[in-house]
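Trainee: My request is simple: use the sequences and hints to build the entire structure.
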Amino acid sequence: MADEEIRVAPIRRTLDHATILGLLGAFALIVVAIYLGGSFGAFVDLPAILIVFGGTITATMICFSLGEVRGTVTVIGKTLFQSIREPSHAAVHVMQLASMARRHGILSLQDVLDTLRFEPFLQKGVSMVVDGIPGDEVESILRRDVVARAQRHMRAASVLRRASELAPAMGLIGTLIGLVQMLSNLEDPSTIGPSMAIALLTTFYGAVLANVVLVPLATKLERNSSLEELVNTIYVLGVASIGRQENPRRLEMLVNSIMPPANRIRFFD
Amino acid sequence: MADEEIRVAPIRRTLDHATILGLLGAFALIVVAIYLGGSFGAFVDLPAILIVFGGTITATMICFSLGEVRGTVTVIGKTLFQSIREPSHAAVHVMQLASMARRHGILSLQDVLDTLRFEPFLQKGVSMVVDGIPGDEVESILRRDVVARAQRHMRAASVLRRASELAPAMGLIGTLIGLVQMLSNLEDPSTIGPSMAIALLTTFYGAVLANVVLVPLATKLERNSSLEELVNTIYVLGVASIGRQENPRRLEMLVNSIMPPANRIRFFD
Amino acid sequence: MADEEIRVAPIRRTLDHATILGLLGAFALIVVAIYLGGSFGAFVDLPAILIVFGGTITATMICFSLGEVRGTVTVIGKTLFQSIREPSHAAVHVMQLASMARRHGILSLQDVLDTLRFEPFLQKGVSMVVDGIPGDEVESILRRDVVARAQRHMRAASVLRRASELAPAMGLIGTLIGLVQMLSNLEDPSTIGPSMAIALLTTFYGAVLANVVLVPLATKLERNSSLEELVNTIYVLGVASIGRQENPRRLEMLVNSIMPPANRIRFFD
Amino acid sequence: MADEEIRVAPIRRTLDHATILGLLGAFALIVVAIYLGGSFGAFVDLPAILIVFGGTITATMICFSLGEVRGTVTVIGKTLFQSIREPSHAAVHVMQLASMARRHGILSLQDVLDTLRFEPFLQKGVSMVVDGIPGDEVESILRRDVVARAQRHMRAASVLRRASELAPAMGLIGTLIGLVQMLSNLEDPSTIGPSMAIALLTTFYGAVLANVVLVPLATKLERNSSLEELVNTIYVLGVASIGRQENPRRLEMLVNSIMPPANRIRFFD
Amino acid sequence: MADEEIRVAPIRRTLDHATILGLLGAFALIVVAIYLGGSFGAFVDLPAILIVFGGTITATMICFSLGEVRGTVTVIGKTLFQSIREPSHAAVHVMQLASMARRHGILSLQDVLDTLRFEPFLQKGVSMVVDGIPGDEVESILRRDVVARAQRHMRAASVLRRASELAPAMGLIGTLIGLVQMLSNLEDPSTIGPSMAIALLTTFYGAVLANVVLVPLATKLERNSSLEELVNTIYVLGVASIGRQENPRRLEMLVNSIMPPANRIRFFD
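Line order of the protein sequences matches chains A, B, C, D and E.
Under the numbering used here, the first residue of the first sequence is numbered 663, with each subsequent residue one higher.
Under the numbering used here, the first residue of the second sequence is numbered 663, with each subsequent residue one higher.
Under the numbering used here, the first residue of the third sequence is numbered 663, with each subsequent residue one higher.
Under the numbering used here, the first residue of the fourth sequence is numbered 663, with each subsequent residue one higher.
Under the numbering used here, the first residue of the fifth sequence is numbered 663, with each subsequent residue one higher.
Here chain B is said to cover these stretches of chain C; the calculated rule only asks that three of the stretch's residues, wherever they fall, bring their Cβ under 8 Å from a Cβ of chain B: (1) 727–738; (2) 807–817; (3) 833–843; (4) 846–853.
Dumping the calculated SDA-like pairs for lysine to any residue here, alpha-carbon to alpha-carbon at most 20 Å: (5) K786(B) - P923(A); (6) K740(D) - V809(D); (7) K740(C) - R814(C); (8) K740(B) - S727(C); (9) K740(A) - L728(B); (10) K740(E) - E884(E); (11) K786(C) - R906(C); (12) K786(C) - E891(C); (13) K786(B) - V809(B); (14) K786(E) - D776(E); (15) K740(A) - S727(B); (16) K740(C) - P782(C); (17) K740(C) - I682(C); (18) K740(B) - Q813(B); (19) K786(A) - A924(E); (20) K740(D) - R779(D); (21) K740(A) - A924(E); (22) K786(A) - P923(E); (23) K786(B) - D807(B); (24) K740(E) - L728(A); (25) K786(A) - Q907(A); (26) K740(B) - K786(B).
Among the chain D residues that face chain C by a calculated CB cut under 7 Å, a handful are: (27) P709; (28) T720; (29) I724; (30) S727; (31) V809; (32) A831; (33) V842.
Quick caveat, the hints were computed from the structure, so don't treat them as lab data.
Just so it is clear, CB atoms sit at the ideal spot from N, CA and C, and this is done for glycine as well.
Mentor: Given below as structure tokens:
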């Protein structure tokens, strides 16, 4: 039955469609709205891009350290391109590994290690157990990992939140610069319109950057982080239980006790 | 007396008049205000609708997963078209069922199962008890259900809250696009007015979407969710008490202990 | 001495001068400011009134149930036209009743029941005690009443808070409707001014409704509710103590223990 | 040594320079900025003053009772003209009194009572002890006083906070009145400028009233209140310890235990 | 090995690159954006600088005491020019000192005291231990220092936060002054543009001051303060452990127990 179990749930990390579709969709809508109104060129202005994007990045840098800003970019990459596993799928998978280890011995997990390559955290835990490290020690090492990862995500989310507050402010600063320049030189009335258009561009950039990119990504990051913490805690419980050679039924109870009610599993009937 | 009791309180789910009247009334007022001022056509603009409604949906999608956004639409449907029962009515009903079961035996509830079809949660609980599942087990299954349902509602309310913050931002972005386009092409002064009118439309759509639809629905959802949790907990207590064949007087005490003071019941005099 | 005691503190509910003077004063100031600037007629516009007042009411209705909105109006009426008694006056009054009952027996309170008609909560409690209902039972019934009343007030305050957030939004929506209409029809420049004036009226109505009426009433309601809860709890303690025929000195200690330090009383020297 | 101790720290209440300098400085800056730009007369308008100052006061009155608004004015007077003593100075002073009483007896404090006239709270406590009231009773009376005073300050701070939220709203209402009046009478274009100037004045008044007066005073009040509570608690501890004729070393320990670490004292070496 | 240990981690305080680069970068971007648009002179106006910078400082002074405002400037200086040590580096360093003291005696630390001159807090602790002050006493003195320092930082951060709220308000007040002056003198239309440009300058200054300087510095200060508290607590634990002549392995456990999981060290293998 062990092989069959593994066949039942091969791990495959999928792209997070909501994030990618949402981002593409929102930008497509903005581009379409611009094209419908006419010239696209009026919406690209290098100094405006400089002051909003550069200003948001530099002001965010003052708030944090270089390492935290860099870490945020890495974390965003992972948020964009990977979707989190369903907690109940992760739980079923862990139960399958546990009952396989129960029947054929821990060393039998060696054969399935390769199928876990898309879930490196689980793979690391299983390979530690296969290498004979005691269950309790594996648990304490992995738990520390889970907490550190959650802290990293929360830090990244707070960087994004702060940046989302600074972006509209930078847009306002850019617009004020443009307005002051325009008002100081009112000699040729025909330039008023285009000058104001350029002045408003920074407010536009700031609003898009904050509301389409930074706020949604921060919200998604916080949401994903707590979900990933749950999934990884399930992995920790499972791997530690395998390492301690406990009865898988006990593992099921443990896993269900940390699950939200709607996601609880019934592996044994 | 059992029959009489059931006759006393036949369950009937009514529409939530406040939500429907409020929504219809608010939109009617806006339509009337527009008609009084003249042309209705000036208030319909496809690109504006696209950027505000599409932008709010796509940006909300980035924040959450596709499933959560879809789940919110389902939950809104239920909020709009169903009103929650009064906790004290639910309590009296449960007391009636309990005293009927006490006098004529649990199996007598079989006959009234059909009259509970508008309250599926209660119906499910009673039919489990009639099927002989022990009271404690019924209670633990139903309680899990209550919590899961409350979590689903809270998630939907937070999706609506986030969307209500993004809608005005999308309105602003659309207005900025319109203003930049208008200001870049000031050659024909006669087009300035209509162009600005269209630019302002997205701000109008965003304000209506947020303040007439999203914020009120989120508030209503949070309010209804805690009310429904109370009513369902009353059902859980009642069904479990029936399953354990306890004295209905004990049930009355239990139910009153979780009721707000104004809603407490006196079933036995 | 009993008669003298009652004469000392006849209960009389006075109007809440701060609320009425404040409301009249604020509106008088606005009216004066309008008259000083000229025509009053420019500030009355039926569609503007419809969209702001109607819109705020309908959008608030979506957030709550019809019953809650109606209950809020009732509660506002009481807040406007009645001032809460001073906690220390209430405490002294209760001490007077307690020492009268101590000297002349509980039935002597029958004679003063009529003088309590402006404080119906206290009157109800005293008449229950006179009717011979045991002190502990009176206490539990009245306490439930106090909590239910506080919950009703808190609900009304949250309705007002939500309405105070929706009123300026409705003002903005009305102004946007007016602006779009004006900008779509710029043919006759002489109408621009009056059209914008009417468009701004809704913002004006929304600002007045929120800042002069709704926010102040919500604040007052929250303040009065906690004060009334204190006064009523003093009544509950007093009536229960009379019912249990306890020493009034014990009652004084009890009452002082729930009083803010500045309001504590010394009835016995 | 007793005389010497009193000589070491004669109590003198000084003006709070930060509050007075800050208020004078901020208003001086505004006046200078106005003079640099030209005519001062354009910034004084009676109806504008009426609507902003009167409106803020009346709307605040609705929120609270007349007594609370009057109490706030009294409390502001004290905040402006008195600076709070340094907690460590107060502690040293109390230690000096305690060791004087230890050496020469409690009655010797009679001679220094007059030097405490700028610190009436401490004076009241010491004279109670000199009059022979037991230490524990003095402590309970004074503690009640400290709490009542802190509550009064917190209430005043919340009145100021609410007023600081209402002032800009009243400014907006005034500006809307002015704009509507101006836009209704556009016949003579030469009056547009001055009319808009007057309309903007109320927004200016509201912004100055809120940001230069009300918000800073509320912040200062909250800060001073917690400092004064600390100083008065030190006095309570000291006076009670003197009344109980305890060893001053025990008092030093007590006082240091409630001090922030940076302010702890070492009276005995 | 002791010498080698010290050689491994000579303490060197570096500049905080993120703060300095961020500030320089943000201001460079603003200057570049201004130069690209033309004249730099239009962006310097003495009265505008006076009202925004002076107004923010004076209004902040009202909120706090002179000492607190002065203390904030000192704290900002340290935040700008010093970077905090990595907690794990600090922990390794402390472990090195502890094992050196273990092998060669506490007095051997005398030789390395000079290399700690960039970390005065650690130096002070070590020299106290070398002077023979008992470990427990050193710990209680240093702990008090750590708390006092953290309180000072939090106070400075709250001064910055309040100033960041007042700066845009001062910008608005300045702009309103400018607008009223311009609107009162509309005789020469050619001056409208430059007058409005100057009026907008204060809003520009306020936005830059708040969003590029005050908010980021307050955020950085809060972040650095909690980091410095951690590093200093590590020093306290280390110095106290050396003073008590405990086994360094126990110190490693203690230090790791207060570290965030990602930063834990393994000094002994």
